[in-house]
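Asks: One letter stands for each residue in the lines below.
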Amino acid sequence: MRSFKQIVTDFGWPRIIIFLFLVLLFLMPPFAKVTGIERLAGVASISIPASFSDVFNRFGQNAVFVLALVPMIQSGCGLNFGLSLGILSGLLGATLSMQFNLHGAAGFFGGLVLASPFAVLFGGAYGMLLNKVKGEEMTIAMYVGFASVFFMSIMWLLLPYTHPDMVWGFAGKGLRTTISVENYWIHILNNFLAIPGGDVTLSPMGVKTYEFLFPTGELLFVALTAFLMWLFMRTKTGTAMTAVGSNPDYARAGGISVDKMRLVSVIISTFLGAAGILVYEQSFGFIQLYTAPLAMPFSAIAAILIGGASVNKASMVNVLIGTFLFQGLLTMAPSVINSTINSDLSEVVRIIVSQGIIIYALTRKTKVTK
Amino acid sequence: MSGKMTPGRFLRENAVIIIFIIITLAAIQPSGLSLTYIVQELLTRLGRNSFLVLALLIPIYAGMGLNFGMTLGAMAGQIGLIFAINYNITGVNGLLFAVLASMPLAILMGYICGVVLNNAKGREMVTGFILAFFMDGIYQFFVLYTLGYAVPMKNPAIVLSRGYGIRNTLNLDIVRQSLDTWWMLKIGPFSLPMASYLVIVVLCLFIVWFKKTKMGQDMRAVGHDMAVANSSGIPVNRTRIIAIIISTVFACIGQVIFLQNMGNMATYGAHTQTAFFAVAAILVGGASVKKASLANVFVGVVLLHALFVVTPNAGQKVFGQAMIGEYFRQFIGYGVIALSLVLYAWRSRKEAERQREGLRGGTAAAAQGGAK
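Quick note, the sequences are listed as chains Y and L, same order. According to my numbering, the first sequence is numbered sequentially starting from 1. According to my numbering, the second sequence is numbered sequentially starting from 1.
Here chain L stands alone, though its shape is the one from the complex (with noise of 0.2 Å):
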């Protein structure tokens, strides 16, 4: 962050931000909803989502950009709910059971993944979001095939009629919002679920502090320059490997949080879009793919799901289709991760160039003072 900030480097450097201010707060007035209800909206995802959103951080400090394969974790996270509303743990007991039982499988993801991953160095993104595609193949079968049938299950209200297989939707009624219930402070209008707030401070100090020991400098080094990791004596493969594992057990216990605030989940699509989501989210707090602040998360969460909360009433207005909000949501969370990567890559390959440029002016200066 060097040089004078100018208006047009502020507005370059911060356009996605800029641009999201501008539709949501044009798209306020004609969904003609309160501000009451935006307000208690918004902090109700705060708690829902943050989480799943901070589950982003650590691989974006080890360099490996946005970590699509967030959505393993986000599987891992689900089956443990699947197993703990099979043996009927009810309140924060099933949820705690949930994150206990599927935590080892979150942490094989990880690895899976991370190894993954490190074959695949420069391009880890598109790696790690089909990556999550093929897994959601195996989660179906596991899911839809041997839960039941390989798997005995215990409460046969969750299990399809034909004898195995998880229903379509799952009833998460013993463990619904036990969380957010749990400690819940009334502020005028507005109800603020503590109990998941402070879950997510814990997992914020988590972050500041883990950035101070050996293995989050490790991490920053490696994501600075893998090469001068190598040769520092920091094992490279394996401290990613590690950021990806830490990444995604929190998208195993965000996902968690997440349900427990749904109430029901779709058993089948519900871990689809746990990864856009996120990934939008700090994208438009301002973060990009190698540089990321607690900060970007919660303004990103604000930002994103203000939008997302006013626009299917204001497509609705508008158009008089409320299809129309729903496909523009779609559109935005997309367009703002398109657009977000392309400024990061446009602008990083113009700071390449610059520095070439640099580079050829100094030693033209260097050649001319010889030849004097």
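Bound conformation, chain Y alone (with noise of 0.2 Å):
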């Protein structure tokens, strides 16, 4: 029988906060709106039922990226900074689902089929070179990451893309900063047997928006997937990689490749990342170009850590809760510290939060082991 203390010690004082922090935040809208609304006439009131459907949306649409880092923390590679690179295939495949004008799940899973190439030879790329390098991988990994967002930045003004709802009207060429999916395949996970609810609003062109609609479809995606991998960690080949990130010298004592364990785990994160961004657009509705992707990573490492993972140990549990956890965060605390001290503090509120989880577990595991 553990004690109450161990409980608290296991799961770590940051991660008791920032979850009683939610708590208290998903608490507050009705009291925001006597004490908050009231005062500041104008400001729109807090929907909880919104909330509640934005919680949702934004847990599906992160939830993959999440997933993604699970197989390269397990197989010893630490947390994947240079997740951009998966990021960057999935936009590729985007982009060129886009321009060979596919539409609707045609659209969606071909851009996945199309990223996979990508996925494969930027993940195998970086997989060879992270071991080179082992134990500096996190590192390496951040400056990968950002430098091949920069070239693919640079690739994005210079590759022969020539759809017109892409490239820049005037200058007929370069893609532009961000790309609506709306006549393409936007919502089109989201809307698979979604359940709608709450008020409905009727907008001039028809269309109906609901004020709670449960995104089934995203959801179930992402089950599938956290699915998959919990299956696939049980395979012979998910097992080999925990070996491998548990103990590398007793893994290659037992016959296991070290190496080509470590390199099938990034090659699974990137594609899991091409993935990932791929959900993400659908829900959010457009593509984002150019230094977009810099940021993505870190949200994913914040949101995975705040589960309950560490440098070298990550669950399906630590995946789905930290990302409802972070998530929820994010999308309750504009609302309600907008609404009761008027001031757009959230921004600030997130970079604390999401950075100081990260500090938090690459500090801790030296603790653990002295």
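Accuracy of the hints is not assured; some may be wrong.
[Unchecked claim] Derived pair list, reagent style DSBU-like, types lysine-lysine, alpha-carbon separation capped at 30 Å:
hint, chain 1, residue 1, chain 2, residue 2
1, Y, Lys132, L, Lys121
2, Y, Lys236, Y, Lys134
3, L, Lys290, L, Lys212
4, L, Lys291, Y, Lys132
5, L, Lys350, Y, Lys132
6, L, Lys121, Y, Lys313
7, L, Lys121, L, Lys214
8, L, Lys290, Y, Lys134
9, L, Lys350, Y, Lys313
10, L, Lys317, Y, Lys173
11, Y, Lys260, Y, Lys132
[Unchecked claim] Using C-beta positions, here's what the derived DEER-type ranges look like:
hint, chain 1, residue 1, chain 2, residue 2, range
12, L, Val92, Y, Glu182, 54 to 62 Å
13, L, Val151, Y, Trp13, 27 to 35 Å
14, L, Arg349, Y, Leu231, 28 to 36 Å
15, L, Val202, Y, Leu121, 50 to 58 Å
16, L, Leu25, Y, Lys132, 24 to 32 Å
17, L, Val318, Y, Trp13, 51 to 59 Å
Since the hints were made in silico from the structure, they are not lab data. No residue lacks a Cβ here, since even glycine has one placed at the ideal position from N, Cα and C.
Reconstruct the complex from the two isolated chains, following the hints.
Replies: Here it is as structure tokens:
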């Protein structure tokens, strides 16, 4: 029987504080309505159904990214600060799918198929590089990620895309900073079996918007991916991967090729990063190019760490809880903080929480082992 | 540095520097810039950036890698400048005030950074990097919400119209280039900011002297092997914290020098690239995570900034788009950091393997000898 203190130490104070803070945020809106909104006439009141809808939506939007971190953590490559490579392959897939004029489900899954060769190629090269620099993976991953984002920024300007919906209107070449997928595959997962609720507003164009929309398809996709990952971690390869991460020498003695396992984990992570950005885009409605992928790995990493993962251990539960807590916080904090103290502190809160939890995780392991 | 210097080995050990020289030389022609302009830009940038790059040296000696946490010092320097502008202290006095006012903050920041890095031994660089992000959040909170709200500000021109928080861009006209123009030497078409150079020379002399002191020697010992240093009675954690504090304070002064040359300050953005440019410069100059010298600093600043001066124009001329040059700059900066970290990690692994092999060969020979 573990004592309460032991459980608290294992889970970590920062996580408990964040969890309590989120609970507080969910409890706040009714009071915010009374004290805040009446005082500040003109500020829209916080609708609880809409907030929940947002939280579910953003959970699905980001969960695949977070899931992408699991294989590399398990194989001992650490936190994948170079997730941007996966995101870039996903962006290549998305833009190619649009260039080939693929619509609807064909557009989304076509994007995924088109992204896969890039993911395997980038992931493979990146994995081989990380195998050469064992022990320094995280710092190098971060800079490789940054460098590739800027390299691809040059490429977005130079690659011969021609589709008029994507390139700059006047120049006729070079991709736009944000590309709308509205007429292609927007909400293709979200709207699949979606459950509407709450008030309905009808736009002049005749499009119905619901106050609450449960994005069933998106969450099913996340559940499926998470289940496949869970299954994979229990196959022979998955177990070997965990063994490599736990003790490389022991794994090698057991006849496992350490480098190969790490390479496989990096490729899977990169591929999931590509899938993640496609899921994100279909929900968000836009393809964001150029410097947009720079910050994305950090929020994914913060999420998995808030969920209880460490630099060398992560599970599906960490992914799901972490994404829910982190995205919940990001969704609720702006509206609640803005309406109660009338200030845009939320961005600062986001930075402090997400970077703080990464520091916590980076400084923690040494304490445990010593 | 043992063994023969073959051409192959020379190329391997100076790969970064050679790649850099080739790219810069190739970009000078299409950029269409005159050599006079490039040299003058480099002279200015040497005065502007060298101090910040020098701030990286001491943590490298102490074996803590590249101090990405130097951003903390830069933030402290900016807060000092905000107050100098607030109290309307002009010229070099304003700079002195900024440095003195931010010194306690820089020392505190350095201490915090040192303690955090001591808890993350073996991954100081990535932790320092994230710590800079984290402190950026705190800095934003302080400057955007408390200045003018909890801390009264005298000068309404620097405060946002809502009554609290500092404006996005801070005009540094009252201290603008006050150090640079204090003693400007004109040689032919070039003007040399001698006062800035003098400050940099003083810092170089300090570093040379510091390496010879007891503390400096302790740092080298800690950098070489923490366990050995510990057993010979050197307080390892304390020494490492001091190394980071010194670096943070230098970064604070360096940022003030940097900003007085720029003449205005992006309140929420000026510090974000400080560590990136400094680290890229020292690595381009041929330093590694474990080894760096004064020469690396100056060679690095000249090479990196020569490239930065020419690429925007070259990008414009070759591709017809200025943005390409801008992205290329960033790509090169991050790419160089990645490449030199990779080369270093790869080399040290090779070295370890060779040593292990040598050991194995040795024991095998000994065993054979015993069998005879």
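Asks: For which of the previously enumerated hints does the structure constitute a violation, in increasing order of number?
Replies: none
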